[in-house]
Amino acid sequence: MLSDPTQLSAELASLIRVFIALHHNEPFLLVGKTPTPLSSILLSTFVWSNDVHVVYADPSTFTAFPGWPLRNLLAAIAYVRKDLENAKFVCYRSGSVPSVIMHLGWEASGIISTAAVGWERVKGSLSPAFIDLRGSLDPLKLMDFSAELNLRLIRWRLVPSINLQRFSNLKCLILGAGTLGCNVARSLLGWGVKNFTFVDNARISYSNVDLKKYTFRYWNCIPALLYPQSVRMLSDPTQLSAELASLIRVFIALHHNEPFLLVGKTPTPLSSILLSTFVWSNDVHVVYADPSTFTAFSWMAIKDL
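Note that full-length UniProt numbering has the sequence shown beginning at 1, numbered continuously upward.
No lab work stands behind these hints: they were computed from the structure.
Cβ atoms here follow ideal geometry from the backbone N, Cα and C, with glycine treated the same way.
Be careful, since some hints might not be right.
[Said to hold, decoys possible] Quick list of simulated restraints, FRET-style, between CB atoms: (1) G135 to V31: 45 to 51 Å; (2) V31 to K141: 44 to 50 Å; (3) W68 to I162: 16 to 22 Å.
[Claimed, not checked] Straight-line alpha carbon distances no greater than 27 Å define the calculated DSSO-like cross-link-like pairs of lysine-lysine that follow: (4) K141 to K82; (5) K33 to K82; (6) K171 to K123; (7) K33 to K123; (8) K88 to K123.
Work out the full structure, taking the sequences as your base and the hints as a guide.
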């Protein structure tokens, strides 16, 4: 370092802030107050003077110490410009750390390697290294981990042989989204089951909104046209949609299949291929339907079998 770092003036700092944004945080040359591409140093017509500054985005949080990107930048300039022995660098920083100008020098006769600092070879080529931080920062991942933590404690203290991955991979088919269907689905969520397929074509009435069926609300019974446009989405008269919406509010990482079989009061014949796909694609079958719905589903199964 040929001189102590000097802090940028407010005018120059605001000017460089605009140039940094225009260059997408990539290094560039500042000749006087005019930005110039860094590749200009390769031109034979480019004259390096005292007004030339190399500007780069510096991640350092210490005023007198530049960040690691300066090492590669300085080495690249010294490698392509053998005639230079010093240069002025503008370490631009955002936030409370002040940006500074550093006048650095080096020995032109020294051996400069082409290897870059901070890169590692991936499958033989130089490429940046990435770290997946979703497990620590993603709210969905954090919620999923916290919900599974209770099951891990059960395995650790009570049942060491329990296979939690088996619960997570289970696909559960629930016939009927009434009182029992709602409570069973909620209980299965607590055991790590995330894949559900519901079958129900009933509509919610006022008698369904009670303390037993906690997933249904008053607004599910009222026609959507009676609501203003801003809250019309809350009104859904089908038990199936209300059940799915309620479970997603409890556990947002829930995986549910779109229901392609809606059983009503009148039986509707189905092909054996469709029926087999519907039943055999799930590992667990839970029937909590009213007699008419269960009879309709049984009639369809017997008809094709």
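To see whether the hints hold, each was checked on the structure:
{"no.": "1", "hint": "G135 to V31: 45 to 51 Å", "in the structure": "holds (47 Å)"}
{"no.": "2", "hint": "V31 to K141: 44 to 50 Å", "in the structure": "holds (48 Å)"}
{"no.": "3", "hint": "W68 to I162: 16 to 22 Å", "in the structure": "violated (47 Å)"}
{"no.": "4", "hint": "K141 to K82", "in the structure": "violated (52 Å)"}
{"no.": "5", "hint": "K33 to K82", "in the structure": "holds (26 Å)"}
{"no.": "6", "hint": "K171 to K123", "in the structure": "violated (38 Å)"}
{"no.": "7", "hint": "K33 to K123", "in the structure": "violated (43 Å)"}
{"no.": "8", "hint": "K88 to K123", "in the structure": "violated (37 Å)"}
Hint compliance for this structure: hints 3, 4, 6, 7 and 8 are broken, all remaining hints hold.
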